[in-house]
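2 protein chains.
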Amino acid sequence: MGLVVQKYGGSSVADAEGIKRVAKRIVDAKKNGHQVVVVVSAMGDTTDELIDLAGQVSPIPSGREFDMLLTAGERISMALLAMAIKNLGHEAQSFTGSQAGVITDSVHNKARIIDVTPGRIRTALDEGNIAIVAGFQGVSQDKKDITTLGRGGSDTTAVALAAALDAEVCEIYTDVDGVFTADPRVVKKAKKIEWISFEDMLELAASGSKVLLHRCVEYARRYNIPIHVRSSFSGLQGTWVSNEPTGDSKVEQAIISGVAHDTSEAKITVVGVPDKPGEAAAIFRAVADAEINIDMIVQNVSAASTGLTDISFTLPKAEGRKAIDALEKAKGAIGFDSLRYDDQIGKISLVGAGMKTNPGVTADFFRALSDAGVNIELISTSEIRISVVTRADDVNEAVRAVHTAFGLDSDSDEAVVYGGTGR
Amino acid sequence: MGLVVQKYGGSSVADAEGIKRVAKRIVDAKKNGHQVVVVVSAMGDTTDELIDLAGQVSPIPSGREFDMLLTAGERISMALLAMAIKNLGHEAQSFTGSQAGVITDSVHNKARIIDVTPGRIRTALDEGNIAIVAGFQGVSQDKKDITTLGRGGSDTTAVALAAALDAEVCEIYTDVDGVFTADPRVVKKAKKIEWISFEDMLELAASGSKVLLHRCVEYARRYNIPIHVRSSFSGLQGTWVSNEPTGDSKVEQAIISGVAHDTSEAKITVVGVPDKPGEAAAIFRAVADAEINIDMIVQNVSAASTGLTDISFTLPKAEGRKAIDALEKAKGAIGFDSLRYDDQIGKISLVGAGMKTNPGVTADFFRALSDAGVNIELISTSEIRISVVTRADDVNEAVRAVHTAFGLDSDSDEAVVYGGTGR
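Those protein sequence lines, which keep their order, are chains A and B. Read left to right, the first sequence gives residues 1 to 423 (my numbering). Read left to right, the second sequence gives residues 1 to 423 (my numbering).
In case anyone wonders, no lab produced these hints; they're calculated from the structure. Any given hint could be a false lead.
Which copy is meant is left open, so a pair is good if it fits within one copy or across any two.
[Said to hold, decoys possible] With a straight-line cut-off of 27 Å between C-alpha atoms, the simulated BS3-like cross-links for lysine-lysine are:
hint : residue 1 : residue 2
1    : Lys317    : Lys210
2    : Lys30     : Lys143
3    : Lys144    : Lys30
4    : Lys20     : Lys31
5    : Lys191    : Lys210
Fair warning: this is a prediction, and the values are worked out from it, not measured in the lab.
Produce the complete structure using the sequences and hints provided.
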């Protein structure tokens, strides 16, 4: 039996009862002979309450102080969890991100882990303790200031510790049973995925699946740490994410892993751009300088009569205002006519390594959308993913149609077969 | 203008409004040309809420984890205070006890400061920042674990930092105007003391005055750091505590500094102790082994007929049960008849360096109590203090009578005159 890293989210430790329930589960893993390292998030609404307090004293809180404030949340949950474990007769010690050796850069509120030096964790384990570590936080390498890792940071803490400690598995406990072939709130017949490759999981995460964040999966792939996503409320097996099928799920890789959707993006169209070299570069330089991440880009064919073209791109809605401002400021230098902003869009993505060897997937995808009466506005593809942008109103219907068309529905015995490869 | 350490208690930073009010006061000190270090307690009821949470997960929380939990409180208040100061256009940085270099022993929940290495604070000040430091907490020298200093620990943090940084003054901001000649809730005519010596303040603190704790005053005396106790709600001068009158209060030392009272103690009488050498030692060894601090001791004159005597002592009520248990266990070895436990007692103490040179003080003290019809059960004295134990019901009346008799009432023009020294 080796070392296991378990991560529990805020909903799993929302109150004293939750903490005691989680403590029992941790002790079970210990009793099964594992060395156990636990990464925990702040209790339930703690982080939101702290953010609210910050808003009451300052409209634009300092990044450094904001991180100092928010990290109080995990400090509370981890100490309580350690107490609850000790109350079950097992030894436990809690560690802040800094004490656990989570070294980051100095970008407050969204720091990146640059090293993990878990000497104290190793010592605690060697002495027979269960080690409880604060998720979401670290300490900056140069200034020794407290930092936070941003949204989903606790998952990243867990994977990073698992890598540094050479863990057998990183278990991510959450309030759902695993990763599904589509969002079960939209697709009633969505199935839990038993195993998925890092590559497919990365594409799903990039396409709107919320269960695991891209950064966390990327980290796990780099260090080849199997992730087991499962519910902290049930004892069920969840979803394994790894290079090869592992654990209890010796399954074949599916052609299609799932359908993801995302309605958090908006589309900006730059109208009347002179069709000459350097124009697109100038537009995206202006956006990049405003530190905005863009997703899909499409340039229309230039109208020969005018010599002008339109360029559209998608970006997070939250950054729409900033992008418009940046482009308006650069309007004179770039020389376009106008900007159009559209936040009533949605993105549907089909993800699966099987696409590489099944050229018919793209056609079937478009056919399913067309049969459902969904109009396509933008298209983007990777080797193992195809994404389209549609009207936001069409997204749910489109996801269901595609899910059914590719035989992913849970009660369906049929599966789409491509060429001779079969399933 | 030199360096000032300011300490704000939980009631001063109970909510966002309080934090903003305190931030203004801190900025004023900075504008006046001071370098400012602020020590802050947890907001209002935060600590109590965290203790309650701990009780929900474990009946006997681990000391190490309890300290980890409680220190979240100051982390929240100090980050918010730094944000509020920055919002007023001044630079501020918050530091945990560990970051501020508050090094302690490893006794969780009541650690003692053994060193202060405020390198980061000094750097922050040199860069023009206001430094905000978490009170009440430190890091243990050997294990690098988070520790707390116990009740009143934030005052001690402030004085210790003031000493390490060679501050001009340590200002303790609280919700009262300063140290009074008696508890104003009991004695309406109690006066604010303008200046009091370390020695008299130590005796008042040991005798039940709650404004400053003994440990904090002891630390300030050792390093000769003047303390200025004042209200965070008014702009008034408070009470200076120092070796010699300092600051704005160039006053003579009073003969009597004040009257303190304490109803937190109980009395245990060991009845029927054989009157032979070693008996008292055996009794107090049993109590000391249970780690109980006792206060006053009195041994009755032995009755010649029986060869037996009674020994009484006072101790904190909270430790009464433990003391009784310890003595019962040692009953066979010590050989006494029975134990009497009485928690309906109170202690009244008169404190003043003038006692040394005014032998009439003791007689006047007893006269005042007698005139008020108060019966005395135990007596204990030091060079500058005289304390008596009475019935708890008599305490308030006794304090008022003594306060009046020694001319301490605020509307009184009279003062008691001793011998030729006068007042």
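Indicate which option fits the pair Lys20, Lys31 if close means a Cα-Cα distance not exceeding 27 Å: within, between, both or neither.
Within one copy, since 16 Å is at most 27 Å while 50 Å is not.
Could you place Lys191 and Lys210 in one of the four classes (within, between, both, neither) given a Cα distance threshold of 27 Å?
For Lys191 and Lys210, only the intra-copy Cα distance (16 Å) is at most 27 Å; the inter-copy one is 64 Å.
Have a look at Lys144 and Lys30 and pick one of within, between, both or neither, based on CA distance no larger than 27 Å.
between (33 Å within a copy, 26 Å between copies)
Intra- versus inter-subunit Cα pairing at 27 Å for Lys30 with Lys143:
between (37 Å within a copy, 24 Å between copies)
Homo-oligomer pair classification [Lys210, Lys317; C-alpha up to 27 Å]:
within (17 Å within a copy, 56 Å between copies)
Of the numbered hints listed earlier, not one is contradicted by the structure.
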